[in-house]
Amino acid sequence: MPTIKSIEDLKRLREEAQKVKELRDQTGKTQIVVGMGTVGIAAGARDTLKAILAYIEDKHLPDVILRQTGNIGVGGQDPVVQVILPGAETVTYGKVTPAMATQIMEEHVVKGNVVQDFRIEA
Amino acid sequence: MAYYRSTVLVSMDPVCIEKGALEIKEQLIKELALLKLSEEVQVLDSPRLGDPETEGPDILVYPEGSHYIQLSPATVGPIVLEHFVKGRELQQYKAQMRDVLDEELGEPKDKEIRIILENIGKIDPRNIEDYIAVDGYQALAKVLGEMSPEEVIQTILDSKLRGRGGAGFPTGLKWKFARQAPDTPKYMICNADEGDPGAFMNRKVLEGDPHSVLEGMAIGAYAVGANQGYVYCRAEYPIAVSTLNTAIEQAREYGLLGKDILGSGFDFDIEVRMGAGAFVCGEETALMASIEGGRGEPRARPPFPASKGLWGKPTNINNVETYANVPKIIHRGLEWYTSMGSEKSKGTKTFALAGDVAHTGLIEVPFGLTLREIIYDIGGGIKGGKAFKAVQTGGPMGGCLPASDLDLPVDYETLGAAGSIMGSGGMIVMDEGTCMVDIARFFMEFTQDESCGKCVPCRVGTRRLLEILEKICAGNGEEGDIEELEELSEQIRKNSLCGLGQGAPNPVLSTLNHFMDEYKAHIYEKRCPAKVCRALIKYEIIDGPCTGCTVCARNCPVGAITGERKQTHIIDQDICIKCGICYQVCQFDAINVS
Numbered sequence: 017m018p019t020i021k022s023i024e025d026l027k028r029l030r031e032e033a034q035k036v037k038e039l040r041d042q043t044g045k046t047q048i049v050v051g052m053g054t055v056g057i058a059a060g061a062r063d064t065l066k067a068i069l070a071y072i073e074d075k076h077l078p079d080v081i082l083r084q085t086g087n088i089g090v091g092g093q094d095p096v097v098q099v100i101l102p103g104a105e106t107v108t109y110g111k112v113t114p115a116m117a118t119q120i121m122e123e124h125v126v127k128g129n130v131v132q133d134f135r136i137e138a
Numbered sequence: 004m005a006y007y008r009s010t011v012l013v014s015m016d017p018v019c020i021e022k023g024a025l026e027i028k029e030q031l032i033k034e035l036a037l038l039k040l041s042e043e044v045q046v047l048d049s050p051r052l053g054d055p056e057t058e059g060p061d062i063l064v065y066p067e068g069s070h071y072i073q074l075s076p077a078t079v080g081p082i083v084l085e086h087f088v089k090g091r092e093l094q095q096y097k098a099q100m101r102d103v104l105d106e107e108l109g110e111p112k113d114k115e116i117r118i119i120l121e122n123i124g125k126i127d128p129r130n131i132e133d134y135i136a137v138d139g140y141q142a143l144a145k146v147l148g149e150m151s152p153e154e155v156i157q158t159i160l161d162s163k164l165r166g167r168g169g170a171g172f173p174t175g176l177k178w179k180f181a182r183q184a185p186d187t188p189k190y191m192i193c194n195a196d197e198g199d200p201g202a203f204m205n206r207k208v209l210e211g212d213p214h215s216v217l218e219g220m221a222i223g224a225y226a227v228g229a230n231q232g233y234v235y236c237r238a239e240y241p242i243a244v245s246t247l248n249t250a251i252e253q254a255r256e257y258g259l260l261g262k263d264i265l266g267s268g269f270d271f272d273i274e275v276r277m278g279a280g281a282f283v284c285g286e287e288t289a290l291m292a293s294i295e296g297g298r299g300e301p302r303a304r305p306p307f308p309a310s311k312g313l314w315g316k317p318t319n320i321n322n323v324e325t326y327a328n329v330p331k332i333i334h335r336g337l338e339w340y341t342s343m344g345s346e347k348s349k350g351t352k353t354f355a356l357a358g359d360v361a362h363t364g365l366i367e368v369p370f371g372l373t374l375r376e377i378i379y380d381i382g383g384g385i386k387g388g389k390a391f392k393a394v395q396t397g398g399p400m401g402g403c404l405p406a407s408d409l410d411l412p413v414d415y416e417t418l419g420a421a422g423s424i425m426g427s428g429g430m431i432v433m434d435e436g437t438c439m440v441d442i443a444r445f446f447m448e449f450t451q452d453e454s455c456g457k458c459v460p461c462r463v464g465t466r467r468l469l470e471i472l473e474k475i476c477a478g479n480g481e482e483g484d485i486e487e488l489e490e491l492s493e494q495i496r497k498n499s500l501c502g503l504g505q506g507a508p509n510p511v512l513s514t515l516n517h518f519m520d521e522y523k524a525h526i527y528e529k530r531c532p533a534k535v536c537r538a539l540i541k542y543e544i545i546d547g548p549c550t551g552c553t554v555c556a557r558n559c560p561v562g563a564i565t566g567e568r569k570q571t572h573i574i575d576q577d578i579c580i581k582c583g584i585c586y587q588v589c590q591f592d593a594i595n596v597s
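As they're listed, the protein sequences go chains H and U. The numbers in the numbering used here rise by one with no breaks, and the one at position 92 of the first sequence is 108. The numbers in the numbering used here rise by one with no breaks, and the one at position 566 of the second sequence is 569.
Read the hints as simulated data drawn from the structure, not as lab findings. Keep in mind that the hints are not guaranteed to be accurate.
[Unchecked claim] Taking beta-carbon pairs under 7 Å as the criterion, some of the chain U residues facing chain H (in silico):
| # | residue |
| --- | --- |
| 1 | R91 |
| 2 | G258 |
| 3 | G266 |
[What the hints assert, rightly or not] Below, a list of computed lysine-lysine pairs in the DSSO-like style, where the Cα atoms sit at most 30 Å apart:
| # | chain 1 | residue 1 | chain 2 | residue 2 |
| --- | --- | --- | --- | --- |
| 4 | U | K534 | U | K389 |
| 5 | H | K75 | U | K39 |
| 6 | U | K33 | H | K66 |
| 7 | U | K262 | H | K21 |
| 8 | H | K37 | U | K89 |
| 9 | H | K66 | U | K89 |
| 10 | H | K45 | U | K89 |
| 11 | U | K89 | H | K75 |
| 12 | U | K145 | H | K37 |
| 13 | H | K127 | H | K37 |
| 14 | U | K474 | H | K35 |
Don't be surprised by glycine CBs; every beta carbon is placed ideally from N, CA and C.
Using the sequences provided together with the hints, build the complete structure.
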């Protein structure tokens with residue numbers, strides 16, 4: 017690690033350190049989980065994931081965490097996407113195509129309205 | 004900035020690099036590109052993540068926070084495939100999640116203000132960059148770059164910061180005396196010999212935010228003109244010692260301790276000295292004797308440490324919490340700091356709330372809150388809905404304050420005037436089931452045991468006090484005992500060498516003052532009103548409610564209970580050891596304690 021030789025060095029390091037710390041700080045953020053088990057991938061979960069990723073990047077949503085997990089455990093409903101808004105219950109969507117994913121992002125993640133048509137019981 | 008769904012931090016600690024961290028990173032980037040994941044996953048260099056010696060080379064994957072350790076280029080492939088493609092954590096390479104979050108310390112309650120405890124559980128104490136991210140070492144930079152030592156001392160004087168070790172001496176004044184002392188070299192000492200039973204405020208700070216203490220010491224060293232510092236920490240705090248050592252090592256690596264700090268020409272370094280846990284070593288002169296390698300015994304003052312301290316040189320000695328306040332005052336300004344607290348005591352104080360209170364644990368409150376607010380609003384009142392009897396502040400040398408003192412504001416002057424002390428922040432709450440004579444005996448047992456034995460009033464006096472209290476609790480108290488307790492206490496207080504002896508009689512004097520009727524009941528009526536002192540109570544079975552179920556007889560460890568099934572049982576008082584088990588197991592409230 018570089019030795020800090022001046023006050024400017026310290027300020028620069030503080031900014032870098034803040035970025036890393038922000039990354040780790042996950043409280044108060046929206047989480048989106050995509051089921052990426054073998055079944056999920058076969059059903060097209062990767063395309064769904066990419067659509068969500070593109071949406072986040074496009075709309076600059078910094079407080080959203082996209083995660084992937086293994087098989088979520090709702091057979092026959094892949095690709096499965098779960099949305100967890102801060103302080104709210106987990107909402108599970110089934111058979112999510114890239115187009116549906118974009119709609120979920122718009123309605124649920126941005127506006128806060130659950131898309132009842134796509135919702136399944138998990 | 005491009006959005007990545009996942010970030011991999013690769014530890015670039017020198018030890019990790021030596022163990023192949025660069026190859027790991029290269030392999031990682033290659034594998035990700037192969038699976039067309041380069042746009043989804045970013046790879047960043049990072050300072051150390053875990054312990055490089057045992058865990059390196061290692062990577063940390065966010066947002067999951069998975070920590071993969073002891074990697075080789077061959078293990079990178081499976082991790083990428085499992086973690087990033089299939090979304091499963093590969094358990095065999097994963098480290099146990101380190102608990103950065105502190106479990107002992109909950110969310111702040113209403114009326115709490117956290118300054119000292121602010122970062123605890125929120126930053127990783129073993130990673131200096133976490134501290135820097137929350138404005139750490141900015142105060143040191145400001146002091147070295149913009150302020151003269153005199154200006155620093157004046158700022159601390161104006162902040163009205165007072166010693167958090169208990170005596171409440173103005174910190175700025177202490178620094179001024181040390182600065183004015185002509186002799187050199189000068190030393191900075193941090194007193195981390197926290198010994199009050201049940202108190203762990205300082206341990207928490209050292210374990211959770213060690214750099215705040217180091218930064219405070221460095222600022223103080225610049226102000227008084229010292230180049231060497233020592234943290235005196237008890238050996239019973241192994242985690243605190245190890246966290247401190249890691250913090251010091253990292254601060255040196257980053258150039259925040261050592262020679263020519265931040266290019267200012269100012270040199271300062273810190274070492275940890277471990278104490279063997281003698282309570283008296285929290286007294287400053289005994290502490291310095293212990294650092295020098297001598298017996299931990301206090302000496303007479305003056306000369307005060309500011310003129311003749313460690314190795315006969317000018318020394319400034321402050322408590323952990325005092326130092327932790329310093330960077331916050333400098334960085335956030337006087338106006339902010341002096342807006343909290345009472346007229347003569349500014350800022351906040353941490354307390355370890357213990358005893359018969361619903362929520363025990365660490366709290367931090369501004370000075371001037373009343374005891375009632377602390378015990379009822381923050382502590383949640385008395386456990387089990389019982390009535391409040393007394394609160395003891397300031398550890399074993401503090402006094403017990405009764406319910407009539409509950410509305411006193413907590414600051415140095417008020418507690419002192421009420422016959423107790425602020426101390427380092429122990430606060431023990433007692434409910435109606437506490438015998439005050441027994442409590443006085445308990446604390447005297449502690450101080451008697453911890454007396455270093457150098458001066459007669461403390462060595463012999465506390466022994467005699469304890470003997471009298473034991474006699475009273477055993478039911479053998481006699482006419483004149485109360486007067487003797489009072490006189491002995493007065494002599495010990497006046498003639499002892501250090502704070503331990505001078506404060507030792509406080510529990511006795513304060514209980515005599517507020518709970519005289521309990522002493523009288525023990526001595527003249529041979530009765531313990533709280534039903535605690537075993538020699539003075541008697542267990543009996545009441546005729547009516549007893550159903551003869553035999554539960555008490557079967558549970559009695561000494562076979563003192565006899566009786567036929569379905570007949571009232573009897574306790575043989577000559578055999579009974581008054582353990583109270585029959586009282587606990589009886590389902591019919593048939594056991595009477597008198």
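Here's how the hints hold up against the structure:
{"no.": "1", "hint": "R91", "in the structure": "holds (5 Å)"}
{"no.": "2", "hint": "G258", "in the structure": "holds (4 Å)"}
{"no.": "3", "hint": "G266", "in the structure": "holds (5 Å)"}
{"no.": "4", "hint": "U:K534 to U:K389", "in the structure": "holds (15 Å)"}
{"no.": "5", "hint": "H:K75 to U:K39", "in the structure": "holds (23 Å)"}
{"no.": "6", "hint": "U:K33 to H:K66", "in the structure": "holds (20 Å)"}
{"no.": "7", "hint": "U:K262 to H:K21", "in the structure": "holds (11 Å)"}
{"no.": "8", "hint": "H:K37 to U:K89", "in the structure": "holds (26 Å)"}
{"no.": "9", "hint": "H:K66 to U:K89", "in the structure": "holds (14 Å)"}
{"no.": "10", "hint": "H:K45 to U:K89", "in the structure": "holds (23 Å)"}
{"no.": "11", "hint": "U:K89 to H:K75", "in the structure": "holds (26 Å)"}
{"no.": "12", "hint": "U:K145 to H:K37", "in the structure": "holds (23 Å)"}
{"no.": "13", "hint": "H:K127 to H:K37", "in the structure": "holds (28 Å)"}
{"no.": "14", "hint": "U:K474 to H:K35", "in the structure": "violated (65 Å)"}
Checked against the numbered hints given earlier, this structure breaks only hint 14.
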